[in-house]
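Read top to bottom, the protein sequences are chains A and B.
When you line the first sequence up against the numbering used here, it's residues 2 to 311, in that order.
When you line the second sequence up against the numbering used here, it's residues 2 to 311, in that order.
Some hints could be false.
Stated by the list, open to error - Only some residues are given here: those of chain A computed to face chain B with a beta carbon under 7 Å:
# : residue
1 : ARG34
2 : LEU71
3 : ALA151
4 : THR154
5 : LEU155
In case anyone wonders, no lab produced these hints; they're calculated from the structure.
No residue lacks a Cβ here, since even glycine has one placed at the ideal position from N, Cα and C.
Number of protein chains: 2
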Amino acid sequence: MSVQIANQDFAARLVAVAEATESTLDALLQPHRLKGERTRPERLLEAMRYGALGGGKRLRPFLLVETAGLFGAQGDGVLRAACALEMVHCYSLIHDDLPAMDDDDLRRGRPTVHKAFDEATAILAGDGLLTFAFDVIADAPTHPDAGVRADLTLMLARAAGLGGMVGGQALDLEAEASKAPHTREFVALMQSMKTGALLLFAVEAGARIGGADAKQTAALSRYGSALGAAFQVADDVLDAEGDEQALGKRAGKDADRNKATLVAALGLEEARRRRDALAEEAIQALADGGFGASAAILAEAARFTVARKS
Amino acid sequence: MSVQIANQDFAARLVAVAEATESTLDALLQPHRLKGERTRPERLLEAMRYGALGGGKRLRPFLLVETAGLFGAQGDGVLRAACALEMVHCYSLIHDDLPAMDDDDLRRGRPTVHKAFDEATAILAGDGLLTFAFDVIADAPTHPDAGVRADLTLMLARAAGLGGMVGGQALDLEAEASKAPHTREFVALMQSMKTGALLLFAVEAGARIGGADAKQTAALSRYGSALGAAFQVADDVLDAEGDEQALGKRAGKDADRNKATLVAALGLEEARRRRDALAEEAIQALADGGFGASAAILAEAARFTVARKS
Numbered sequence: 002m003s004v005q006i007a008n009q010d011f012a013a014r015l016v017a018v019a020e021a022t023e024s025t026l027d028a029l030l031q032p033h034r035l036k037g038e039r040t041r042p043e044r045l046l047e048a049m050r051y052g053a054l055g056g057g058k059r060l061r062p063f064l065l066v067e068t069a070g071l072f073g074a075q076g077d078g079v080l081r082a083a084c085a086l087e088m089v090h091c092y093s094l095i096h097d098d099l100p101a102m103d104d105d106d107l108r109r110g111r112p113t114v115h116k117a118f119d120e121a122t123a124i125l126a127g128d129g130l131l132t133f134a135f136d137v138i139a140d141a142p143t144h145p146d147a148g149v150r151a152d153l154t155l156m157l158a159r160a161a162g163l164g165g166m167v168g169g170q171a172l173d174l175e176a177e178a179s180k181a182p183h184t185r186e187f188v189a190l191m192q193s194m195k196t197g198a199l200l201l202f203a204v205e206a207g208a209r210i211g212g213a214d215a216k217q218t219a220a221l222s223r224y225g226s227a228l229g230a231a232f233q234v235a236d237d238v239l240d241a242e243g244d245e246q247a248l249g250k251r252a253g254k255d256a257d258r259n260k261a262t263l264v265a266a267l268g269l270e271e272a273r274r275r276r277d278a279l280a281e282e283a284i285q286a287l288a289d290g291g292f293g294a295s296a297a298i299l300a301e302a303a304r305f306t307v308a309r310k311s
Numbered sequence: 002m003s004v005q006i007a008n009q010d011f012a013a014r015l016v017a018v019a020e021a022t023e024s025t026l027d028a029l030l031q032p033h034r035l036k037g038e039r040t041r042p043e044r045l046l047e048a049m050r051y052g053a054l055g056g057g058k059r060l061r062p063f064l065l066v067e068t069a070g071l072f073g074a075q076g077d078g079v080l081r082a083a084c085a086l087e088m089v090h091c092y093s094l095i096h097d098d099l100p101a102m103d104d105d106d107l108r109r110g111r112p113t114v115h116k117a118f119d120e121a122t123a124i125l126a127g128d129g130l131l132t133f134a135f136d137v138i139a140d141a142p143t144h145p146d147a148g149v150r151a152d153l154t155l156m157l158a159r160a161a162g163l164g165g166m167v168g169g170q171a172l173d174l175e176a177e178a179s180k181a182p183h184t185r186e187f188v189a190l191m192q193s194m195k196t197g198a199l200l201l202f203a204v205e206a207g208a209r210i211g212g213a214d215a216k217q218t219a220a221l222s223r224y225g226s227a228l229g230a231a232f233q234v235a236d237d238v239l240d241a242e243g244d245e246q247a248l249g250k251r252a253g254k255d256a257d258r259n260k261a262t263l264v265a266a267l268g269l270e271e272a273r274r275r276r277d278a279l280a281e282e283a284i285q286a287l288a289d290g291g292f293g294a295s296a297a298i299l300a301e302a303a304r305f306t307v308a309r310k311s
């Protein structure tokens with residue numbers, strides 16, 4: 002498994018990292034057994050591959066790879082860490098799509114895992130990807146220093162767990178079930194957990210792998226927090242704009258379901274301003290960290306995050 | 002968090018380790034945030050506590066604690082590793098009980114997590130416990146040596162993942178759905194994954210924490226494998242005996258559901274012989290490892306595993 006990523010401009014690099022992530026995930030999710038494994042059941046492995054391969058912009062792996070690259074760190078170990086992160090993201094999508102959760106039949110135009118297979122297999126495929134993420138990140142080929150691997154494991158568990166992504170999903174489901182309007186503070190907290198924590202992990206893991214010093218780490222954490230928040234506000238704005246276009250009314254399906262969004266809490270105009278201010282804050286954090294021109298790609302990622310149309 | 006376990010005979014030690022496990026789990030699953038956590042949502046935490054506390058003999062923590070104790074390793078770090086293991090066991094029970102899986106309403110006489118809360122919360126509580134297990138095992142208080150923590154993380158992920166417990170559950174569900182009889186080899190493979198892998202991890206993790214040498218590790222792995230297999234055959238035999246008593250017929254509910262059991266594959270008499278032979282093999286492995294009288298408690302655990310009535 003050795004995947005080269007050429008140095009190019011933002012759009013080309015986004016594609017290149019996505020391709021490198023895809024081929025590394027493909028190599029990890031093969032029928033061969035690792036030491037300590039008895040066998041990899043065919044149908045379960047197939048469902049895990051279905052849920053993990055062929056999807057998305059791979060923004061999280063991109064942020065991890067580019068942040069590590071600021072410090073000259075690159076190669077298969079960095080890609081393995083990026084794939085562990087992406088497996089956690091993919092597992093969360095599989096479980097979020099389940100009938101008991103968001104009950105979605107389609108994701109990116111394809112049947113969701115529980116539709117393409119069955120519900121039990123989807124639950125197990127999610128469990129399997131989450132567990133395999135910790136296998137990949139803790140194993141020696143990811144980094145020669147066991148201390149770094151233990152740190153990355155802990156950071157990933159905390160970003161994904163009850164005080165991070167899983168907790169954010171729990172808050173989101175509770176919010177949707179309630180009738181009361183949601184405060185801006187609640188929405189910001191929920192979003193910082195549900196989507197922000199993994200995006201922040203991407204940047205912080207890259208910094209840890211790259212060996213960032215304390216000042217650089219603080220600046221990159223500020224960048225990752227702002228970018229994560231901008232990403233979710235941009236999503237809320239896109240949903241609301243899509244609803245406006247499609248339905249010709251301001252209140253879209255998010256509003257109908259009393260979904261906790263920043264558009265609902267702030268209004269569309271103010272949400273757009275907040276989104277753009279967060280992207281600026283992310284870019285400013287890079288400047289304050291003293292990264293100069295080497296961080297141009299990460300600055301571009303912040304602009305891309307708020308300008309994207311899907 | 003500091004829990005003392007006095008040196009006593011087997012039954013008393015089993016209770017003492019269960020109590021220490023319970024109080025350590027209780028201390029870990031509190032509302033306070035750890036570094037990197039935003040907040041611990043109340044209802045999710047409650048469901049995780051419901052699924053993890055107040056249950057069972059805690060056989061897996063017992064095996065880990067007693068194996069580490071062979072080498073003089075004890076204290077809060079060992080208990081944290083034992084709790085990480087128990088969290089993985091408890092998450093698997095929560096997900097296995099879901100309507101899409103075994104669809105059980107009761108566990109140990111109490112409503113299952115999805116009955117006491119709701120299905121979405123049960124899925125997230127399982128996800129949260131699995132993720133938190135890796136947080137606990139990778140964090141510094143578990144062991145001063147990051148290399149040991151990275152090893153334990155990897156071993157736990159592999160025992161729990163698609164080539165271990167999750168894969169075993171997938172094979173078990175597939176087997177139940179099929180009409181064909183199951184070979185003894187298939188049942189042994191499935192059981193070595195579904196229940197054997199975590200029991201083996203308990204022993205191997207204790208050996209790693211204790212700093213066992215290669216010969217000792219090999220002997221303890223043999224012990225753990227045999228014990229894990231004996232445990233599952235004993236379960237199959239208990240189910241069949243219970244069915245015989247309750248229904249006055251040989252073919253019990255396991256047989257009705259075409260469940261992959263060793264009683265179905267071997268018959269009850271041969272399964273009993275196999276169970277006892279496996280317990281003897283476990284005890285012999287301890288003798289071959291040269292542990293002498295210090296392993297009396299582990300030998301007792303093998304006898305207990307096959308003699309228990311529940």
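Hints violated by the structure (listed by number, smallest first): Violated hint (a single one): 2; every other hint is consistent with the structure.
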